[in-house]
Structure formats: C-alpha cells, structure tokens
Amino acid sequence: MTLETFPQLLSQHARERGDSAAMREKEYGIWQTLTWAHLAQLVEQIACGLHQAGLRRGEHMVVLGANRPRLYATMLAAQSLGAIPVPLYQDAAAAECVFPINNAEVRFAFAEDQEQIDKLLEIRPQCPQLAQLYFDDPRGLRKYDEPGLASLDELIAAGQVFAQQHPRFIEAEVARGQADEPAAMFFTSGTTGTPKGVVHTHASLLDRARAGAEFDKLTAEEEVLAYLPPAWIGQNIFSYAQWLACGYVVNCPESAATVTIDLKEIGPTYYFAPPRVFEGLLTSVMIRMEDAGAIKRGMFHACMDLARRVGPQLRDGKSVGLIDRLKYALGDLLVYGPLRNNLGFSRVRVAYTAGEAIGPDLFTFYRAIGINLKQLYGSTETAVFVCMQPDHEVKADTVGVPCRGVEIQVADNGEILVRSSGLLREYYKNPEATAEVKTADGWYRTGDAGFLDAQGHLKIIDRAKDVGALANGAMFAPKYIENKLKFFPHIKEAVALGDKRDKVCAMINIDFDAVGNWAEKRNLPYAGYPDLAGKPEVYELIRDCVEKVNADLAADERLAGSQIHRFLVLHKELDADDGELTRTNKVRRGFIADKYGVLIDALYGGKTEQFIETQVKFEDGRTGKVSADLKITDAKTFQPMKAAA
Amino acid sequence: MTLDHSTPATDATANATAGRQIGDVILDVQNISLAFGGVKALTDISFNVREHEIRAIIGPNGAGKSSMLNCINGVYHPQQGTITFRGQQFRDMNSRQVAEMGVARTFQNLALFKGMSVLDNIMSGRNLRIKSNLFLQALRIGPALREEIAHREHVERIIDFLEIQAYRKTPVGQLPYGLQKRVDLGRALAMEPQVLLLDEPMAGMNVEEKQDMCRFILDVNEEFGTTVVLIEHDMGVVMDISDRVVVLDYGKKIGDGSPEEVRNNEDVIRAYLGTSH
Chain A
2 MTLETFPQLL
12 SQHARERGDS
22 AAMREKEYGI
32 WQTLTWAHLA
42 QLVEQIACGL
52 HQAGLRRGEH
62 MVVLGANRPR
72 LYATMLAAQS
82 LGAIPVPLYQ
92 DAAAAECVFP
102 INNAEVRFAF
112 AEDQEQIDKL
122 LEIRPQCPQL
132 AQLYFDDPRG
142 LRKYDEPGLA
152 SLDELIAAGQ
162 VFAQQHPRFI
172 EAEVARGQAD
182 EPAAMFFTSG
192 TTGTPKGVVH
202 THASLLDRAR
212 AGAEFDKLTA
222 EEEVLAYLPP
232 AWIGQNIFSY
242 AQWLACGYVV
252 NCPESAATVT
262 IDLKEIGPTY
272 YFAPPRVFEG
282 LLTSVMIRME
292 DAGAIKRGMF
302 HACMDLARRV
312 GPQLRDGKSV
322 GLIDRLKYAL
332 GDLLVYGPLR
342 NNLGFSRVRV
352 AYTAGEAIGP
362 DLFTFYRAIG
372 INLKQLYGST
382 ETAVFVCMQP
392 DHEVKADTVG
402 VPCRGVEIQV
412 ADNGEILVRS
422 SGLLREYYKN
432 PEATAEVKTA
442 DGWYRTGDAG
452 FLDAQGHLKI
462 IDRAKDVGAL
472 ANGAMFAPKY
482 IENKLKFFPH
492 IKEAVALGDK
502 RDKVCAMINI
512 DFDAVGNWAE
522 KRNLPYAGYP
532 DLAGKPEVYE
542 LIRDCVEKVN
552 ADLAADERLA
562 GSQIHRFLVL
572 HKELDADDGE
582 LTRTNKVRRG
592 FIADKYGVLI
602 DALYGGKTEQ
612 FIETQVKFED
622 GRTGKVSADL
632 KITDAKTFQP
642 MKAAA
Chain B
2 MTLDHSTPAT
12 DATANATAGR
22 QIGDVILDVQ
32 NISLAFGGVK
42 ALTDISFNVR
52 EHEIRAIIGP
62 NGAGKSSMLN
72 CINGVYHPQQ
82 GTITFRGQQF
92 RDMNSRQVAE
102 MGVARTFQNL
112 ALFKGMSVLD
122 NIMSGRNLRI
132 KSNLFLQALR
142 IGPALREEIA
152 HREHVERIID
162 FLEIQAYRKT
172 PVGQLPYGLQ
182 KRVDLGRALA
192 MEPQVLLLDE
202 PMAGMNVEEK
212 QDMCRFILDV
222 NEEFGTTVVL
232 IEHDMGVVMD
242 ISDRVVVLDY
252 GKKIGDGSPE
262 EVRNNEDVIR
272 AYLGTSH
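Heads up: the sequence lines are chains A and B, in that order. Sequential numbering from 2 applies to the first sequence in our numbering. Sequential numbering from 2 applies to the second sequence in our numbering.
Everything labelled a hint here was simulated from the structure, so no lab data went into it. Heads up, none of these hints are tricks.
Below, a list of computed lysine to aspartate or glutamate pairs in the DMTMM-like style, where the Cα atoms sit at most 20 Å apart:
1) A/K144 / B/E224
2) A/K144 / B/D241
3) A/K596 / A/E574
4) A/K618 / A/D579
5) A/K487 / A/E548
6) A/K504 / A/E548
7) A/K144 / B/D244
8) A/K27 / B/E154
Label pairs and their computed distance ranges (CB to CB):
9) A/R16 / B/L129: 47 to 53 Å
10) A/G580 / B/L111: 44 to 50 Å
11) B/I270 / A/E614: 54 to 60 Å
12) A/A515 / B/F114: 40 to 46 Å
13) A/D306 / B/L111: 44 to 50 Å
14) B/F114 / A/D467: 55 to 61 Å
15) A/G448 / B/F114: 53 to 59 Å
16) B/R51 / A/A151: 29 to 35 Å
Beta carbons are placed, not taken as given, at the ideal position from N, Cα and C, and that holds for glycine.
The whole structure should be built from the sequences, with the hints applied where relevant.
Following this line, the structure appears as structure tokens:
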C-alpha cells in the first residue's frame, strides 16, 4: 500500500506498531492512552457510519471543537472516505461560521459539545443544506429534538454494524485515496474582507510536515501537547500532519484551563507556541519571583544575569570560558533546571515560536535558561514550513534558512516570493484571489517584505504594502523600526515617518507604568502623563533607546538609511478612542499624519519646539482638549557598517 | 479504561431512561410549625416535592426559607407537623440519618474545609458511603484501597462535571467565591443524593457565575435525575429554572404553583413590593 494520504499512514502505524500510543487524553484525572490499533478501529467505525449517513467523496465536512482524540478520529474518518475536513475555530461566533459552511456547501458537521451544537443550530436557518450534526459530549443535549442531530456514539454503533457486514470496505476506500486530492481546507481569519478557504492536498501537507520533521530529526518518540485551536494550520501541522508522518504521541489537555498543569505532567519534547504564550509564561514567572523571599529572589536575579550572558552562547555552540561554564552548571542545578521543570519544559528538545515578531529579551530569556527555542516562518498558504532556524544558528531578528524544497525570491518591491511543493492548491471557489497570490510559474506572494542576509537567513521586516522608500530610494519599513522601538519596555507605541522624505523621524509614546516606575525610583516628581512625557530626563531615557535602535539599524546595510534622525515624545497616549489606533492596536498612519501634521512639519522643519493642541475623547464619551509644547530632539546616527564577510 | 468514552455513555443511557419525567411525590411536608421560644419561624407550612423536579422556595429576608430547609435536613426539629420522604415519616431524625436517606445540601455561608484541596473536600462527601473501617483505611491495604479508588473515580466524575479540573489540588480557601460554591455543590453531589437541597446557590455571584451555576443545576437535574429544592433570592433565576415555586413570607406560605402562577399572585407581589402589613 502506498503512503500518500493521512488515512494510509494511519493504517501503516496500526499495522506495524498497533500497540504503541498514538494519543493521550486526560480524563477523570488520569492520562488515558489510545493506541494506533484502537485509533484505526475507531476511525473505521466513524467512517463507516459517515458513509452510511451519506458522506461522499470530495464533499466537505466541518469539525468544530477543541483538541480531542475523537475530533482527530473524525477528521481521519472523513479523509478515509475521500471527504475533506474543514476545521473551524471553536471560539468563533456563530455568524462567523456561516460563510465557511455555505462556501464549502457543508452538509455534515462534527461538534464537540452543546456549546458548538448551539452555534450550528443557531445558523441552521441560513445554512439549509446542513443536514447531519454529530456531537461528542452528550451533556445538556438530551432534550434537543432537532432533525439530523445525533451523538457520535450512535454513529459509531451504526458504523460498527456496517463494518462487520463489509469488512474490506474501508480498506478499499483508503486505498483509493490519491496524494493530489484535497486533504483539508483552512479558512484564513479574514481580518479584511470575507474569509478564504485555503485548499491543501495530502501531498502539500505531508511534504511540508516531512520537511519540518527532517530538519529537526523528529522521531516517533516525540511528545506533543495539542492545545491551540485545531482550525489553525500550525496546530494542524504539529498535531496532525507531523503526528501521522512521524508517528509520535499527541497529548490532549483536560480543558483549556489545565494546559499549564498538563504541560508539566507531559513534559513535551517538541513544542510550539506564538510569542504571546511565551510572554504570558514569563510574566507569571516574574510575578511569582517578585513574591518570593529575598534570598530566592537574589539567587534568581544573579543566576539570570549569568544566564543572559552565557546561556545563548552555549545554545549557539560558541566557546565559553571554563569559569562561566562551571557557574552556569551551578545555576542550572539551582535555578534553570527547576524553572524549566516548573514551566513544563524539562524535556523540550525543540521549541518553536512564530506568527509575529518576538521581542529579543523574551526570546533570549528562554534560550538563556536552556530551552532550544527557535523561530520559523510560514503561513496557512505555505503549509507552515518555509524557513526554520537550525540549531546553533539562532538570531532574534531573523526567521532562519529555507528548509528542504523551498525556493525564495525577493521581488523588486521587497516582497518575498516562495515556491515549494507545500503551497496551497487554491483558494476555494475564488480564482481571482488565487491568481492574485500565485503566479503562473508557481510562486506564492507572501505579502511580507524582507530579504536574505549574508548568512542566508531570511529577515522579515514588514508587510509589503507598508514598505516605502526614502527620497534617496533606500528601503523604508516603518513597522520594523517601530517594533524595534517597542521592544524597549519604556516605549509603548511608536510611529516612524520617512516615506518619500530625506530622513526618518519618529513620534514616540512612553509606557506610563514603566516610565512612571522608573521616575519614582529616581525621585523624579511628575504631575501626570503630559508632564512626565516632557521631562528632560525622560527624553534622555528615550534618546538612549532610539540610539540603540540606530546602532542596530546601522549594522545592516539595507536598513542603515532608516536610522532615526529626530524624534519627539508625544504628550498623550495614542488611543483607539481617538481614532489613532485600530481596535487591535495597530497604528493608523494616514490619520496620524493628518492629525499631527504640525508636529511632522516641525520634525522635518528643524524646529526644536512645537505647540500642539489636540482633541481627546474621554472614556465617558465627553471630549476635551489637551495642549503642550513639545520638544524635538536629535538622535545620534551611526555610520553604516559594511556587512562582515 | 480506554478512550472511547464507553463509561459515560452507558451512564448517560441509563439516566436517559430514568429521565427527567416528573414523577410522584417524593417529599411531603405537612403542617410544619417551628418556633424558637416565642418567635414563630414557620407556621403551618405544607407543600410537596415531586421526583425529578426543580422546586424553589422563595421569599423576602426572614421569611423562614432556611429554617424550612433546616427542618427537611434534620437540623431543626419542628414542634408540629410531619415530613415524609419516600413514604417514610421522619420526626426527630438527626441530620446524619437524613443524609443516609439520600438528602444532601449546600450551605448559604459556605461550610467547606478551607485548608483542604478541592479533591479532598469533595471526597469528604463520600464519607457516608465508605464501608471499610478506619484501621484498613489508615494502612491503605486490600479492600480499603480498592474502595478508595472507586470513590476517587466517582469524585473525578463530579470534578469533570463541574469543570473544576484545573483546581483539583488547590486548597479551597484560595479559590474565588464562585468556584467555592461549585465545590460545595460538588461535595453534596458526591453523596449521590436523591434530593439536593440548595441554600441560595447563587448568592453573591456575578451574572456570569450565576449563569454557570444555573447550567450546573439544570444539568444535575437532567443528567442524574436528581430532585432539587432550592432557596433563591434572585427572582429571575427562580422563574427561569424551577418547575414549581413555594413562596413564604413571615413564616407563612403565601403562594404555591408554577412560576407563571406565582408571578401573578397578588400576595406575592405585595410581599415582594413591600406593602405595609
């Protein structure tokens, strides 16, 4: 039998290592193991039930719920019949499910529990074709009397009978599966416009899953905790595609609230999380350390200072002096080891973060305490793996080297183009959108701007549409500069200006809490936000940050021109209520350019002071005016360094 | 145990047949009068509770709601009247005997063991069902160990049911109030009661916690077929979830019937709107 589709891989695991664990789920306080053989049996029964109920080859089936063995079994069952599972986000509002269900003409849906079933029933009038709804957890659903609503148990029971009568049926169906058939469809979140269904074939998902697995030498021995939404391709790759490709164990947490406890109990060897998860973990550690006794706290800080200096060097395989090595070993015994254990990272061999830029301090913290945290680059359309950081070649501001089978090209506008066998087949029923992102010769437009550095690592700088150019033609990537500024705890928000101008200037928002705290420790009195923001000491503090960013930018030939020449500290916080930020806290450049036009003119006009009066909206809806005389300061810029050979 | 959820599924089917068909009178309260010295707490109260129903007792402060519950519970002994549970009359029974008959309760002011974990608190609800003697339990040998495992399994089902898995090992005193209320309910459920008495299960909760608690009460009633008698202040909650409502005022019964009937009862409106007496 060929091993080209996910159900075929399942059959192989069940045949060759049926007694090994495939999944674990914590139920009633105990980790329950599901072996490959049992899983294959469960999948066969569900598949037979679905076949009897009328699920046909090429049809889409929605799965809606958290990571549970029976959700994954249902996806495998649908694929066994040649149907295409469409996982939807379990926390999406009911209305958000309407478009995907109608777009994919879904008749069959699997939902985890009452909450998800309620959602589907709510939108049923808008989705008349939605005929069969199956639920896993019967709790609260007993009184429901809806046509086509049935429990998964009933489906399994029916499937069991069918399987006994037709023992070879599923085997034959699975054998019919082809690599180039669609395997799953993922809807992109669609922050702009309607969502798009990204169609991936078995071949594209498996190709990327295997490339990623080879890159980090994953084996069947890995332990993974599946805790992010299954509708997100990242989770799907890590706990489905790579799970079936490698045959490791996927663990399902008891509930969303127990993830940190379960993480500790499982001790995954392969771990993946977006930066915000790592940030949350770090914050909880820091809060607990602040509450600890003076001795423990002192020990922690002393060890962390050492770790920040030595840890990353050790991770990168660089040489470290003997004394430092010994000290680090002692720190490992006293602090880093117990801390890793407490976070559930004791056994982590490879950990990845992706999705957005990660702050260098955050990134360094985890590497310093001995966790092999790395970055990767990819998207739903590329089935995740485009670039990955190899062990010992990890940098905070790049996303690694292209992995097997990936070609990268940088377009004239700085946009990154990717070609690999893991690209989406199409956007479902949306040839215009497909044509927009996929060129005739098979390149995918990522929409991200960036470049490959001297070592061949990809560096992402901004969304391509935001990247502009300075008057002298040099590239100008505002978000890249702003992110660098925002990584400093004292800076909350920043706006970089420079498109079609001769130099870059910046408007900066201080972080009131952090800077306020800083001022109090220095016995620096202030009367409020505008007063604090205007203090010369604060300007010095911010200038320091700006100059560090400039030094950083100067190290890169392409970005050296984007050094910040002048800056000012704004007298009020940029606020979504005043229209300066979007609701998700992204800077609205056009609006700001209008509103603060006088400041921008002053920045470029060489003035050292400018009066400004702006309208603000208070939380109770009233409006008022704030005014201030803002100082404008120059920052030191650096000679661009030639890239080291 | 495998992962195919067979155990809960069989439970579920068994319960489905037990169902939520409101049955015969399970608890009958006849002409109860209770006085503390010269203070008449309850005067000639009669009402009944049918099997599998949710029965609410409402009334303004000091109406005698908790006293009524304490009578059913065997904490107070009324001077007059009878209480019949499944055809068996109980006068002068202590609360342990009442508990053994299958009546469990929760308390208005939580009475949990603050220093003990959630798990141990709920386990303490199994107390009446533990058969092995103290000596075997202390040594954790043979039958005592097997028994403890069986009880633990039952407790785990309750933890799962009340969605408090994340707090299993947390001392109850560290939990927020809403969660403590849930643990209190869990401990009562651990007794596998036929009748569950809830004394203001939603007092002091925010809207979200109230909604959660309502769902748990309805689910207990539906999944386990447990008869529920609850005292509640929040009229909205009472009207939404109960099958029948008794209204007390100054120790007297002033209304009895479906939520709709009670809502339109003149006496009830007067008692709640506070007309002068």
